[in-house]
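Engineer: Chain by chain, the residues:
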Amino acid sequence: MTVTLRIFIAIIDILGVAYIFHLIRKNRLELKYALSWFVISLFVLVVDIFPVIMEKLADILGITTPVNMMFLLGFLFSLAIILVLTVALSINAGSVKRLNQKVAMLDKRIRELEEKKENKQL
Amino acid sequence: MKKIVIIPAYNESASIVNTVKDIQENSEGFDYIIVNDRSTDHTLDVCKEHHLNYLNLPLNLGIGGAVQTGYWYAYENGYDIAVQFDGDGQHDAKYLNEMADYLTKNDLDMVIGSRFIKYEGFQSSGARRMGIKWFTFLIKLLTGKKITDPTSGYRVCNRKVIKLFSDNYPKDYPEPETEVGLIRRGYKIEEVPVVMRAREEGVSSISLKKSVYYMLKVTLAILIERSRKN
Numbered sequence: 020m021t022v023t024l025r026i027f028i029a030i031i032d033i034l035g036v037a038y039i040f041h042l043i044r045k046n047r048l049e050l051k052y053a054l055s056w057f058v059i060s061l062f063v064l065v066v067d068i069f070p071v072i073m074e075k076l077a078d079i080l081g082i083t084t085p086v087n088m089m090f091l092l093g094f095l096f097s098l099a100i101i102l103v104l105t106v107a108l109s110i111n112a113g114s115v116k117r118l119n120q121k122v123a124m125l126d127k128r129i130r131e132l133e134e135k136k137e138n139k140q141l
Numbered sequence: 005m006k007k008i009v010i011i012p013a014y015n016e017s018a019s020i021v022n023t024v025k026d027i028q029e030n031s032e033g034f035d036y037i038i039v040n041d042r043s044t045d046h047t048l049d050v051c052k053e054h055h056l057n058y059l060n061l062p063l064n065l066g067i068g069g070a071v072q073t074g075y076w077y078a079y080e081n082g083y084d085i086a087v088q089f090d091g092d093g094q095h096d097a098k099y100l101n102e103m104a105d106y107l108t109k110n111d112l113d114m115v116i117g118s119r120f121i122k123y124e125g126f127q128s129s130g131a132r133r134m135g136i137k138w139f140t141f142l143i144k145l146l147t148g149k150k151i152t153d154p155t156s157g158y159r160v161c162n163r164k165v166i167k168l169f170s171d172n173y174p175k176d177y178p179e180p181e182t183e184v185g186l187i188r189r190g191y192k193i194e195e196v197p198v199v200m201r202a203r204e205e206g207v208s209s210i211s212l213k214k215s216v217y218y219m220l221k222v223t224l225a226i227l228i229e230r231s232r233k234n
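Heads up: the sequence lines are chains A and B, in that order.
This note's numbering numbers the first residue of the first sequence as 20 and each following residue consecutively.
This note's numbering numbers the first residue of the second sequence as 5 and each following residue consecutively.
Treat each hint with caution, since some may be false.
Here are the simulated SDA-like pairs of lysine to any residue, each with C-alpha atoms no more than 20 Å apart in a straight line [claimed, not checked]:
hint	chain 1	residue 1	chain 2	residue 2
1	A	127	B	194
2	A	135	B	175
3	A	116	B	63
4	A	121	B	42
5	A	127	B	79
6	B	175	A	110
7	A	121	B	79
Counterexamples of contact, computed for chain B against chain A with all Cβ distances above 10 Å [what the hints assert, rightly or not]:
hint	residue
8	27
9	28
10	39
11	80
12	121
13	147
14	157
15	175
16	177
17	196
18	214
19	219
20	229
21	230
22	232
23	233
Every beta carbon over 10 Å from chain A, so not counted as near; a handful from chain B, in silico [said to hold, decoys possible]:
hint	residue
24	29
25	30
26	46
27	60
28	106
29	127
30	137
31	218
32	223
Honestly, the hints are just simulated from the structure, not real lab data.
Even glycine gets a Cβ: it sits at the ideal position worked out from N, Cα and C.
Same shape as in the complex, but just chain B (with noise of 0.2 Å):
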């Protein structure tokens, strides 16, 4: 069974190299690959003098679009699960063959790693968690399936998703979205608790300023999505 892990990297040059190793000494029968999103920092000159497996985008695409070209690769590359690993150093690979072993045992289609089961490590800020509350709210109202951690950008899944990723895949904060998306259509999904860490380094892609537009997004890319047709 082939498995990948995709690292979007957006300015990430200081933590990179730090979340190869992680992935390399923490887990097993994983391969990687870094989606740099047209850093502006030096993110790509260390990819190339650390000899890094990457894929350079030529224009900035945001989180979306990057996390889907290696949706894309994974499946032009035939692999079986395909896990999405901030290259900032919040998760922890020590989650990796955890979670893939569940998805595997459990004939599921994605597990997601959820800070809010065990509610250990780091948990987001306040005004984040009302945030994640009223996503998980919102999902369970419209689909009837709890999510705890609905944001959660730490997701294992198989090939049919790989193969449904590769070809739609939302432009920003595409993880609620997409995980209504793949109830809708019949898919299962389970969470297990991870402990993920405070960001090493660089800065989240959701600011204190674009919160109103994220919340706001969110909830009607949501909607919008329970409303399509199977």
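In isolation and in its complexed conformation, chain A is listed as follows (with noise of 0.2 Å):
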């Protein structure tokens, strides 16, 4: 990797960084799940100091350029955050379910308890 790809991506990751963290600060992203793209994120900075850990497992794996193994772990994270997200989207839609339910239950019940107390001011 030449020296400008590797200052490009460690701005790009102290940018991403410094965007999650304003994020959670206005607490429109949840410190749960900004937990696995810190942790990505300092990956990545490691990584593009230290090039030697991404030429050895290129190597391992008979990657020839070290970037394309970059771009396959990248492709593999984002792949698992994707699911992550698509089993916290699940757990909320029922959460949503149940308590459309419930409001529909309590709608009725406030119907009832109203009509009757009309009945009895009649």
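Combine both chains into one complex, guided by the hints.
Structural biologist: What follows is the structure, given as structure tokens:
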């Protein structure tokens, strides 16, 4: 990897971390979900500073250019994060469904109580 | 013994009143609850106007979520028997007592109204019957139990199953999957012959376009359900 590429990756990485940090401070991102992003950013930074890690890994797997090794890992990490998000989404959908059903039942209960009250007043 | 009919309704304004009338005239001892799944037509207005007994979902949940609301309501209100009954006029209320009696007399957990025991009345289209046959085959293969009409939405169940369904019910096309779930738990299911009508109004929840998704989803759901531990 050229020095220019390494500097470029480092800048993107640091900007990304800064933005994630900003999102957490503004309460727009849960720290729980952000942790995996921080881990990845840290990993990328370490590999960027010590490219020998990538070179060794690429060599073991028979990948000729170390940067392709980085792309592969980045892709796998992204997939992992998407899967975690899908799980989170499923849990969320279940909660929304449950709330929705409860609201329908409470709505009915309120109607019944109001009717009772009206009948008493008459 | 408290009995309730659960009527999921999505855009059934044209037939919902007749459905309720059918239940009140042709069955005995059944309460009913309509679950309006955020219809985009006047289903809610019709319910209000005719003072029907209804639950109104603020968001559209799909058939599974709507029916589950009914089971939850049935559980919380102490019902012993619940029947799922389509709001589109397909189901005939004259079987309600027969099915409920069959359930209690034989100490069963669920009774399914099947079109394919006596082969009378509306038999569904050829392609759909093929799909149903496939599910019958698959369930027989995986559980050893023959269910001739696993997609029938006309089902009576006892309080044990009401509790189970109010806790856990699939989002869409729930019937075959939940039946495998019951068999897996050792619950007793039997079928009785019923005659179904072609739907009065509204559109079937399974359009031709969705049928591939339907077959795949339900097949996979059955396989996964079978693999779950007790």
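Engineer: Compare the structure with each hint and give your call.
Structural biologist: Hint check:
1. Our distance criterion of 20 Å between C-alpha atoms is broken by residue 127(A) and residue 194(B), whose separation comes to about 34 Å.
2. Under the criterion of a C-alpha separation no larger than 20 Å, the hint pairing residue 135(A) with residue 175(B) is inconsistent with the structure, at around 35 Å.
3. Between the alpha carbons of residue 116(A) and residue 63(B) the distance comes to roughly 8 Å, so the proposed pair stays at or under 20 Å and holds.
4. Between residue 121(A) and residue 42(B) the alpha-carbon distance is near 14 Å, which keeps this suggested pair within the 20 Å criterion.
5. Distance hint between residue 127(A) and residue 79(B) is fulfilled; the C-alpha atoms sit about 15 Å from each other, no more than 20 Å.
6. Our distance criterion of 20 Å between C-alpha atoms is met by residue 175(B) and residue 110(A), whose separation comes to about 13 Å.
7. For the hint linking residue 121(A) to residue 79(B), the alpha-carbon distance of about 13 Å falls within 20 Å, and the restraint holds.
8. Its beta-carbon lying about 18 Å from the closest one in chain A, residue 27(B) satisfies the requirement of being farther than 10 Å from that chain.
9. Every CB of chain A lies more than 10 Å from the CB of residue 28(B), the least distance being 19 Å, so the non-interface label holds.
10. Some Cβ of chain A comes within 10 Å of the Cβ of residue 39(B); the nearest lies about 7 Å off, and the non-interface call is violated.
11. With a least beta-carbon separation of about 7 Å from chain A, residue 80(B) fails to lie farther than 10 Å from that chain, contradicting its non-interface assignment.
12. Against chain A, the non-interface label of residue 121(B) holds: every CB pair exceeds 10 Å, the least being about 34 Å.
13. Against the 10 Å criterion, residue 147(B) stays outside the reach of chain A, whose nearest CB is about 26 Å from its own CB.
14. Annotated as non-interface, residue 157(B) keeps its C-beta farther than 10 Å from every C-beta of chain A; the closest such distance is 19 Å.
15. Its beta-carbon lying about 8 Å from the closest one in chain A, residue 175(B) breaks the requirement of being farther than 10 Å from that chain.
16. Separation of residue 177(B) from chain A is adequate, the least Cβ-Cβ distance of about 16 Å exceeding the 10 Å criterion.
17. Separation of residue 196(B) from chain A is adequate, the least Cβ-Cβ distance of about 30 Å exceeding the 10 Å criterion.
18. The non-interface label for residue 214(B) is consistent with chain A: the shortest C-beta to C-beta separation is roughly 19 Å, beyond 10 Å.
19. Every Cβ of chain A is farther than 10 Å from the Cβ of residue 219(B); the closest lies at roughly 22 Å, confirming the non-interface assignment.
20. Against the 10 Å criterion, residue 229(B) stays outside the reach of chain A, whose nearest CB is about 17 Å from its own CB.
21. For residue 230(B), the requirement that its beta carbon stay farther than 10 Å from each beta carbon of chain A is met, with the minimum near 21 Å.
22. With a closest Cβ-Cβ approach of about 16 Å to chain A, residue 232(B) is found to remain outside the 10 Å limit, as its non-interface label requires.
23. Under the 10 Å C-beta cut-off, the non-interface status given to residue 233(B) relative to chain A holds; the minimum distance is some 20 Å.
24. Residue placement check: residue 29(B) keeps its beta carbon more than 10 Å from all beta carbons of chain A (closest about 24 Å).
25. Residue-level check passed: residue 30(B) sits 25 Å from the nearest beta carbon of chain A, beyond 10 Å.
26. For residue 46(B), the shortest C-beta to C-beta distance to chain A comes to about 18 Å, beyond the 10 Å cut-off, and the non-interface label holds.
27. At the 10 Å boundary, the C-beta of residue 60(B) falls inside the reach of chain A, the nearest C-beta of that chain being 6 Å off.
28. Consistency note on residue 106(B): stated as away from chain A, and its beta-carbon is indeed over 10 Å from all of that chain's, at 29 Å minimum.
29. Residue 127(B), annotated as away from the interface, keeps every beta carbon of chain A farther than 10 Å; the closest lies near 34 Å.
30. For residue 137(B), the non-interface assignment is confirmed: its Cβ lies about 32 Å from the closest Cβ of chain A, beyond the 10 Å cut-off.
31. With a cut of 10 Å on Cβ distances, residue 218(B) stays outside the contact zone with chain A, its closest approach being about 20 Å.
32. Non-interface call for residue 223(B) relative to chain A: holds, since the shortest CB-CB distance, roughly 20 Å, exceeds 10 Å.
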